[in-house]
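**Student:** Which chain is which? The protein sequence lines are R and S, in order. Here our numbering is used: the first residue of the first sequence is 1, the next is one more, and so on. Here our numbering is used: the first residue of the second sequence is 459, the next is one more, and so on.
Where hints are given, some of them may not hold.
Chain R is faced by these chain S residues, among others (derived, beta-carbon under 8 Å) [what the hints assert, rightly or not]:
| id | residue |
| --- | --- |
| 1 | Ala654 |
| 2 | Thr657 |
| 3 | Lys666 |
| 4 | Pro692 |
What the hints contain is simulated information worked out from the structure, not anything from laboratory work. All values reported here derive from a predicted model rather than from experimental measurement. For each residue, glycine too, the CB sits at the ideal point set by N, CA and C.
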Amino acid sequence: MSTPVTARLAGFACAPLDGSIPREVAHAGRRTIVNALAVGAGAARHPAVEIALRSVELLEPAPRRCVLGRRERLSPQWAAFVNGVAIHVEDYDDTHLASMIHPGAPVVAAALASAEHAGASGQELLEAVLVGAEVALRVGVGIGPEPFDRGWHPTGTIGHLGAAAAAGRLLGLDDRAMRWALGIAVTEAAGLQAALGSMTKALHPGKAASDGVEAALLAARGFTGPSAGIEGRRGLIETTAPNANPELIVRGLGQEWRVLENTFKPYACGIVAHPSIDAAVALREPIAGRSIRAIHASVNPVVLEVMGHAEPTNGLESKFSIHHCIAVGLLDGAAGPDQFRDERVLAADVRALRSIVSVDPEPSFARDRARLRIDLEGDGMFEREVHHATGSRMRPMSDVELARKAETVVRPVLGRRAASLVELAFAVDELKTMGPLVDALLPDEEDLDTALEKTLWS
Amino acid sequence: MADDPTGSRFAQAMFDLARGELPEEVAAHGHRTMLNALAVAVGASHHAAVEIVVGLGLEHGGRPTVKLPGRVEELDGYHAALAIGLAAHVDDYDDTHLQTVIHPGAAALAVSLAVGQWRGASGARVMSAFILACEAQLRVGLALTPRHFQAGWHVTGTSGVIGAAVGAGLLCGLNGEQLADAIGIAASQTVGLRVAHGTMIKAAHPGKAAANGLLAALLAERGFSGPAGGLQAPRGYFEVLTDHACPRALLDGLGERWELSRNTFKPYPSGVVTHPIIDAGLALASQLKPRAEIEAVEVRCHPLVLELTAQPQPSSGLMARFSAPHAVAVALLDGVVGLEQFSDARATDQGVARLRGLVKLIVDERVASDEAIVTVRLADGRELERHVCHARGSLAHPLDDAELDAKVRALVEPVLPGRTDRIVDALYGLPLAADLGLLWDAVTPAAQRRA
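In isolation and in its complexed conformation, chain S is listed as follows (with noise of 0.2 Å):
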């Protein structure tokens, strides 16, 4: 932009927020962010590709400084934010800011606990780094408008690099200009293709995207020159990773309008369009008599679920999150959607795959995505027939603070038992707190201290 020949208004802003007092809403629902991420990352905390990640840390990386929410280990902080995005973005039960499809909360909870566990950052200062990663993550995604999503990329991973760069830059104590350097270092290393979906490596995104955050940080400190011109340079950020930008959109109302207190929490661990055809499937389980028999499931959806969850037979855990037909036989069946729900066992079972097998999609334009029609035809000749206007945990619905405990507690006391409250209490200690030492304590298993 010609008044912005640097690209520097961006992060001199982020700076500028980062010293200032965040408004009360945007500060409470930051919190909840935090704490429904740092929940979904401690139930995931064991998951096979979070082993990986924490084996390969443990052979090939440097000296550990920072704790993993779940575990005993302790790994370096590049290693460190690998491993905390992947936890809290794998079993895909974390947030999204629907107009935009981020997911915000992996890549910032990881890059603000390793960054601010390495740095010894007091607990306000990690908040606001984690909110303001999140904020900054929005923005470029709204900057980005759909198109970039529509075209492929996983826009949780390529705005997800940017926000971990900001996160990143705040807590190493840059100044606006270094900030701005790390912006431009982390443009060249944005993370994410879509073709990736249902493998290890797309749950990684968030997870490289802070480590790359990290990285672009660490050297815009010591000097590193970024590239001239910003996000808005030529052969630059939007020029190359969309055909339609809107830049507009990262500086317009920043500060005034926080795109976070749009971010909801996920109620079921699936792609977000699911959840309305979930909640009908479950409303209509409650209907059925047990062993009633199926004939035929018709779902009329948002163009949306075709797109992104019409794999009618996923063959793991992980592809079922991203099939409707999967999400609707595990809701009528079970009658309970949880991570049981998508795991290998129920995504390969044969009485599952039978149902999904009677699943008709049938795309409605005047269907909106956080909405859906589910109609069960049975061998008796009954149709019954739910219609969710709102899904629960979007927008219009949003899960209230009871819901959103029930959650956490569902996916921490499995993990560490009895710990639920400490961590809740601990995390909204955090702006007193000189560090994160009382979170680490609730978050991380008992072994560890005993050693």
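Excised from the complex, chain R in its bound form (with noise of 0.2 Å):
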């Protein structure tokens, strides 16, 4: 018959890795790690991060294990939960282009929390995570884009098949159990577009995440689930992809690794915008202190169509207007969290500049080129072309950008530790436990109590 794709799946998230993995393989989990936990840790406040977190207090769990960037400590299921939210809440995670994932979110999330439970070393997280990140990216290039194209949001609903394999992988599961953990994964496997736009979308991770590790305890205790629910009749494939063919899943598993091609973004907005921010980047230096009359930006034409809101009125509605991407740009040189925070979109400057922006589709320009053209008040114009955006494939944030991103997220919320934990993570396959690592999120409470006080004195 076809494939069997599940059982081939379960087989490798549980085999031994022993020093089979390339070395390049083993950085692009390492990046992933960094970066996952990086944003995360850098949006431990977050509004939606804090309503998540304070929902599942309410439950009194068990307080074990770590939540990023915060004193709180929930059950691994939350903790997964509390952190899948946090990673993807700031939109600045990571992206794997052809199947449209963001792994980092719901795979690290699970991941640690498992980690943190089964006692881990950090050579065995670093091994979840690849293996993880490798089953949801594979089931997500392999049933290819009917899914996305219908509405599903695969970082939620992909998303839990990686988060159950590498919850299931840490917790010890053997093949038949992971088997089933895959088949509850499956069956749960939740999350639409429409969330889009409202802190739902960030809900997406955090539940596959929680639900991953829920999946992968269950299996552990006998609970079983469907044994081919990918490929099986009435399975995922059959009911959101059913065009898809199964057996390109698994072509090539455990020899070539789709986790190579993850990004990380520069920029904490969607990366159809990111070529654009790149050029005004480059072009703050030399019209700073100068009159712009007028800023013409040509983009592939899916810019327009995801991102096209000329006139946002907060932080949520600015991650979705290119217009706005482009001037915090120009005037910042940035575009982390900050500069989508709701007072930075109601600023006057950025107000000014935002509305001499205009947008022309380029056909021709595929997704990681812009061009961006300053006209100056009397003579003069600038202008930048980026033929491939910072954090493409084929211009990735190289090792000392993606160290300088990971610092600069968290140093407002771990302060003095921010340093340590980007400096830990990227050798976490060293850590025999996850003390050290768990011990580097934890917020800086003095910059915080200071920050406080000049707050109350003011």
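Mind docking these for me? Both chains are given alone in their own frames, and the hints should help you get the complex.
**Tutor:** Below, the structure is given as structure tokens:
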């Protein structure tokens, strides 16, 4: 009959890797972990994260596992939930273009909580993240664009499988139980694109991570699920991607690693805006102090489809505004979480610049290409064309750039611990336990208290 | 929909119904539905799957605040919802709304008991939340149309999470807007693919739906934003989950025509399309001499029987519930059909397997889904036939109060001897009760109080 996809993936997820991981694959895994933990810790005080935390705290779970950038502790399932939300909420995580999945949030959140629970080493965490990401990305690519075109949000749906694989591996599931765990994940795979623009979008990877941990915990205890959940009758493929070729999911499994294609975001918004922001950031210095008459952007047509919000009124909307992205790139030389806060969105200088941005679709441009032209008052014009945005496959973020991104985003929360978190995460496989990593993810309360004091006395 | 940009009309309608008086007939049927679900949950309270979930909840759950029907343990609200929903569905002995094929009682029971207990709600509010959680599921199911189930979704789970969000939201005291958010958050937590049939997670679909609905309500209560546009939003629930939605079914006649009234209770712990076949088998069994040698069994049936219950040789009790050959075989051999006939032991029995192998299913488009014609050919050449026009438990031939009472008693007595009447009384007294105390005292073992 057809390829036993679920069984093959389950076998892969459980199998010892023992030094058979190519060096660049291991490094891709480390970078995925660095990026995810950093953006997650950086978002520790985001309203969506606060609400998620307060909501599950009502259940009074045993306070054991790490919540990124916070002192609170939760059960493994709920820690994975809150962390999954945190890693994804600022749209600053990672992207696997071919599958449209952002694997860091569901997989790293599930893996960290499970690694803590199982007393795993850094090497085991790394392998679980690699395996989980690989499962998710392969299923995502293998089933094709049908589910996404239909309206499913694959970070949430397929994220469930990656999370279950990572968690299951760390809990030591055997082949059969791993198939059950994947089957449970399949039947719970959920997440709709209608949620984009609301907090519920960030819920998707959080739920994927927590359901994945729960699926693994259940399967470990003998709770059965379908053994062929992906390719079986009335399974994932039949219901969401009937035209998929299941064989694609497992072709080259163990030899070709999809996780090498995972890229990290230099800016906290959808990747289609990134080449324009690169151009804006590059032009910031040349145009500093000059009066600008007009800004013209030439972009791939998809940019206008997903980022056409010319006059955003809040942070969430601004992430869907190429006009805003260009404006903050020119003014601040950055497009990190701070550039998408309500205050920045409503600031006079940003509003003024946004209003003179015009955007033209350029069908010949690839999605990682853009051109920005700044017309100055009087004579004078500056232009910059970016052929491959920072963070794209052709121009990935270097380790130095990634480290700088990570340190910058965590510093407001982790304070003095910022550098040590990044260092530890880049060498995660050397850790004997999760202890040092978890300690490095604690917020710097001294900085927080000082900030509060300043507020009270000002 | 153009006139409902926030998708909040459905939520507001549920909110308004909760604050009004429910028609007497609806309240009465709500009681029966809850009694049926509760009895089934008690009957299955020590099922292997339930043991696992309870163990998980004890090890990883939060502070125990909710009791479990038929058991001594207490779990946190989330794990209690999961466990109760599972227990109420695992034996496939619950209820069916035939038009949608939804089994609404399990998720509704789970969420209303768990959140009702946790938030100290009055009996009346618990009852109301239960009824509206059922009604919401059924209307969502109608809107999804049969295409959704046909495409492979387990509609009990996918609609269950929406009903559970309504029930949980009402018991948390959410206003109309927050309820709309809870529904939207739940829409991104759908549960249930039919590939799961025959495994434990399938039984847990309504439990997981209830737990997810509870989570959605907690988040909405604290201001977590849901998607704009409700269930009809572009790239939202209806658009994504079915090729052919009928969103009008959500609000059409809401409050006047109650889908809950068409919810029926299962007379046998198996897929509902096997029930007319079991009826026929039992009637024929009474005509057979002991040790009569059966040579062949022919079953003329509705197409759904082949679609859902064709499995000729199930290897477990869970799978046997969806095997028409097994159902007719045990009916003929045992002359009575209850939980025992769908145990692992009976499913793997050689004599049963042999008779299963002699069963032929013949699809006949003229046969309705609650109808069946069973013909038995004996070794001595005789042929006996039975035509069942409407199965016991169907809309046309529902279980009467005495039959429901007998079912409840048979489920409760082995687990909680002597408690059936107390449970029935506590349930019927719920609308006047200040909280769930009396009901829990009735439906949990005495050992708990001695401790």
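**Student:** The structure should be examined with respect to each hint, and the outcome stated for every one.
**Tutor:** Verification of the supplied hints:
Interface hint status for Ala654 of chain S: upheld, as the beta-carbon distance to the closest one in chain R is roughly 5 Å, under 8 Å. A hinted interface residue such as Thr657 of chain S counts as satisfied when its beta carbon comes closer than 8 Å to some beta carbon of chain R; here the least separation is about 4 Å, so the hint holds. The closest approach between the C-beta of Lys666 of chain S and any C-beta of chain R is roughly 7 Å, which is under the 8 Å cut-off, so the hint is satisfied. Hint status for Pro692 of chain S relative to chain R: holds, with the closest Cβ pair at about 7 Å, below 8 Å.
Violated hints are absent here; each numbered hint is respected by the structure.
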